[in-house]
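The listed protein sequences derive, respectively, from chains A and B. The numbering of the first sequence is the numbering used here, which starts it at 8 and goes up by one. The numbering of the second sequence is the numbering used here, which starts it at 38 and goes up by one.
Derived from the structure by calculation, the hints contain no laboratory data. Don't take each hint at face value.
The following label-pair restraints were derived from C-beta to C-beta distances [what the hints assert, rightly or not]:
1. A:ARG177 / B:GLY72: 33 to 39 Å
2. B:ILE273 / A:LYS74: 52 to 58 Å
3. A:LYS11 / B:ILE133: 41 to 47 Å
4. A:LYS63 / B:ILE163: 41 to 47 Å
Heads up, simulated PhoX-like pairs for lysine-lysine below, C-alpha to C-alpha not over 25 Å straight-line [said to hold, decoys possible]:
5. B:LYS56 / A:LYS189
6. B:LYS148 / A:LYS143
7. A:LYS69 / A:LYS38
8. A:LYS130 / B:LYS48
9. A:LYS63 / B:LYS56
10. A:LYS130 / A:LYS63
11. B:LYS71 / A:LYS74
12. B:LYS48 / A:LYS69
13. A:LYS74 / B:LYS61
14. A:LYS143 / A:LYS38
15. B:LYS48 / A:LYS143
16. A:LYS180 / B:LYS148
17. A:LYS74 / A:LYS11
18. A:LYS69 / B:LYS61
19. A:LYS63 / A:LYS95
20. A:LYS63 / B:LYS71
21. B:LYS71 / B:LYS61
22. B:LYS148 / B:LYS71
23. B:LYS148 / A:LYS11
24. A:LYS95 / A:LYS38
25. A:LYS11 / B:LYS48
26. A:LYS74 / B:LYS148
27. A:LYS130 / A:LYS95
28. A:LYS95 / A:LYS11
29. B:LYS61 / B:LYS48
30. A:LYS95 / A:LYS69
31. A:LYS143 / A:LYS63
32. A:LYS63 / B:LYS61
Sample of chain B residues at the chain A side, in silico, Cβ under 7 Å [said to hold, decoys possible]:
33. SER50
34. ARG65
35. TYR146
36. LYS148
Built from N, CA and C at the ideal position, the CB exists for glycine as well.
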Amino acid sequence: MPEKTDEDIATDVQRGDAQAFGTLVERYEDKLIRYARRFLRSSDDAEDLVQETFIKAYSNIKGFDTKRRFSPWIYRIAHNEFVNSMRKRSGKENISIFDFDLLFPHPVAKETADDKVNKEELKRMLGGYLEQLDPKYREPIVLYYFEDMDYGEIADILQIPSSTVGVRLRRGKAMLRKLMDKLN
Amino acid sequence: MEKENNKQSIKDSVLNAIKSGRAKMLPRWHFVLKGVLLAIGVLLLAFLLLYLVSFIVFSMHQTGVWFVPVFGLPGWFSFLRHIPWILIGLSLLFIIVLEILVRRYSFTYRKPLLYSVFAIVLIAGIVGIFAAPLHRGFFLSMRFGGKRPPRPSIPFLDNFYRSFGFQRLDDVHRGTITEMIPAGFVMENFGGETSTIIISSGTRLLPINDFEVGDTVTVFGEENGNSVQAVGIREISD
Chain A
8 MPEKTDEDIA
18 TDVQRGDAQA
28 FGTLVERYED
38 KLIRYARRFL
48 RSSDDAEDLV
58 QETFIKAYSN
68 IKGFDTKRRF
78 SPWIYRIAHN
88 EFVNSMRKRS
98 GKENISIFDF
108 DLLFPHPVAK
118 ETADDKVNKE
128 ELKRMLGGYL
138 EQLDPKYREP
148 IVLYYFEDMD
158 YGEIADILQI
168 PSSTVGVRLR
178 RGKAMLRKLM
188 DKLN
Chain B
38 MEKENNKQSI
48 KDSVLNAIKS
58 GRAKMLPRWH
68 FVLKGVLLAI
78 GVLLLAFLLL
88 YLVSFIVFSM
98 HQTGVWFVPV
108 FGLPGWFSFL
118 RHIPWILIGL
128 SLLFIIVLEI
138 LVRRYSFTYR
148 KPLLYSVFAI
158 VLIAGIVGIF
168 AAPLHRGFFL
178 SMRFGGKRPP
188 RPSIPFLDNF
198 YRSFGFQRLD
208 DVHRGTITEM
218 IPAGFVMENF
228 GGETSTIIIS
238 SGTRLLPIND
248 FEVGDTVTVF
258 GEENGNSVQA
268 VGIREISD
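Go ahead and model the full structure; you've got the sequences and the hints to work with.
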């Protein structure tokens, strides 16, 4: 029997099967903790934040449209949770509300086969320097290179235009390269 | 081992929170209501914006300000001086709030901000221009000189129409020609007040033809007492 999809399990939870939510927790726990640790500079409270993310997801599960993908939905809740936690730790991180990147259209750099080859290599190189990057650029890099999301999914999680995702990835990578050159 | 414990603890904590009632599933109607309220907010704000923009266009037609840029640079200065900036500021505020609301929809946030703002401004502008004449009936039915049968007054709306649509400006005048005189003509405005318009050789007449009694015109020129030395006159279709 084929394994149930996330969306099927979410439907079961919506119908009142609370235990089924445990399966979703199992499927996403590691991913969200990894996302939290890479995105937040401090990983002390990563587990707490992920736990809170799941509790919020459960509370809001009836608002989830099962015709859409579950993954961007739960990552969106996690994103909000992480950003709120960063804002609470005021002064340590600078999360801007408005960004000019959102304003103008940007040419979208298509994801190519070359990207996929470079992805693994870049992932290894980027990991160590990520935390020195502005969260605005760090988050799309984490989602694209480490969580294997595509531009559309990242756009849904961050609720920004797909073209802005491309711009932030490009700028983020350039900043990281500069940092790496400087430090090496 | 530690990872396994963590895993167990997060899953257990979440399921315990559900069991104990600390994590409660919000009912479906909560989300439906939120969606409906958002849609109502968007529609209401869009309606208010269209109303306001069409009123701005109407009031500028009514005072004659809309027509003065044809008189060159001084006309443009007068146009910028008399634009209802307060209403334009209010419209901008509506556009910002509307943009914040519509960005909750994926078809909007997936596109650059400029696209949705441009779409809102374009739609508001086009609908505003075409819907402006709809205000005329309401304006004419007010009790201050309109030719239509008066209706019971509506306090806030009447004041609003009176203060913006019936403004008397120092250098832009709109009215209907009631009498031709050797120096020019006598014009009556919507309030029933008359002014003598003096035409000189330097007066720009648009379009270049003879004016006659019954024509509606916008006169550009400083008012001195009860007469206006016309810098430019433009006939407008009523």
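Evaluation of the provided hints:
1. A:ARG177 / B:GLY72: 33 to 39 Å: 35 Å, holds
2. B:ILE273 / A:LYS74: 52 to 58 Å: 55 Å, holds
3. A:LYS11 / B:ILE133: 41 to 47 Å: Cβ of LYS11 of chain A to Cβ of ILE133 of chain B: about 44 Å, so the range 41 to 47 Å holds.
4. A:LYS63 / B:ILE163: 41 to 47 Å: 42 Å, holds
5. B:LYS56 / A:LYS189: 53 Å, violated
6. B:LYS148 / A:LYS143: Holds - the C-alpha atoms of LYS143 of chain A and LYS148 of chain B are around 18 Å apart, at most 25 Å.
7. A:LYS69 / A:LYS38: 23 Å, holds
8. A:LYS130 / B:LYS48: 29 Å, violated
9. A:LYS63 / B:LYS56: With Cα atoms ~15 Å apart, LYS63 of chain A and LYS56 of chain B stay inside 25 Å; holds.
10. A:LYS130 / A:LYS63: 30 Å, violated
11. B:LYS71 / A:LYS74: Holds - the C-alpha atoms of LYS74 of chain A and LYS71 of chain B are around 19 Å apart, at most 25 Å.
12. B:LYS48 / A:LYS69: 20 Å, holds
13. A:LYS74 / B:LYS61: 23 Å, holds
14. A:LYS143 / A:LYS38: Since the Cα atoms of LYS143 of chain A and LYS38 of chain A sit roughly 20 Å apart, the hinted pair holds (cutoff 25 Å).
15. B:LYS48 / A:LYS143: Not satisfied, since the Cα-Cα distance of roughly 30 Å exceeds 25 Å.
16. A:LYS180 / B:LYS148: 23 Å, holds
17. A:LYS74 / A:LYS11: With a Cα-Cα distance of about 14 Å, the restraint between LYS74 of chain A and LYS11 of chain A holds, given a limit of 25 Å.
18. A:LYS69 / B:LYS61: 11 Å, holds
19. A:LYS63 / A:LYS95: 18 Å, holds
20. A:LYS63 / B:LYS71: This hinted pair holds, its Cα atoms lying about 17 Å apart.
21. B:LYS71 / B:LYS61: 18 Å, holds
22. B:LYS148 / B:LYS71: 23 Å, holds
23. B:LYS148 / A:LYS11: 33 Å, violated
24. A:LYS95 / A:LYS38: 23 Å, holds
25. A:LYS11 / B:LYS48: Distance of about 19 Å is within 25 Å: holds.
26. A:LYS74 / B:LYS148: 22 Å, holds
27. A:LYS130 / A:LYS95: Given that 25 Å is the threshold and the Cα spacing comes to 29 Å, the pair is violated.
28. A:LYS95 / A:LYS11: 38 Å, violated
29. B:LYS61 / B:LYS48: 16 Å, holds
30. A:LYS95 / A:LYS69: 28 Å, violated
31. A:LYS143 / A:LYS63: 24 Å, holds
32. A:LYS63 / B:LYS61: Holds. LYS63 of chain A to LYS61 of chain B sits at ~9 Å (cutoff 25 Å).
33. SER50: Where the cut-off is 7 Å and the nearest Cβ of chain A is about 6 Å from SER50 of chain B, the hint holds.
34. ARG65: Given a least distance of 5 Å, the restraint on ARG65 of chain B holds.
35. TYR146: With a closest approach of 5 Å, the TYR146 of chain B hint holds.
36. LYS148: 6 Å, holds
Of the numbered hints given earlier, the model fails hints 5, 8, 10, 15, 23, 27, 28 and 30; all others are met.
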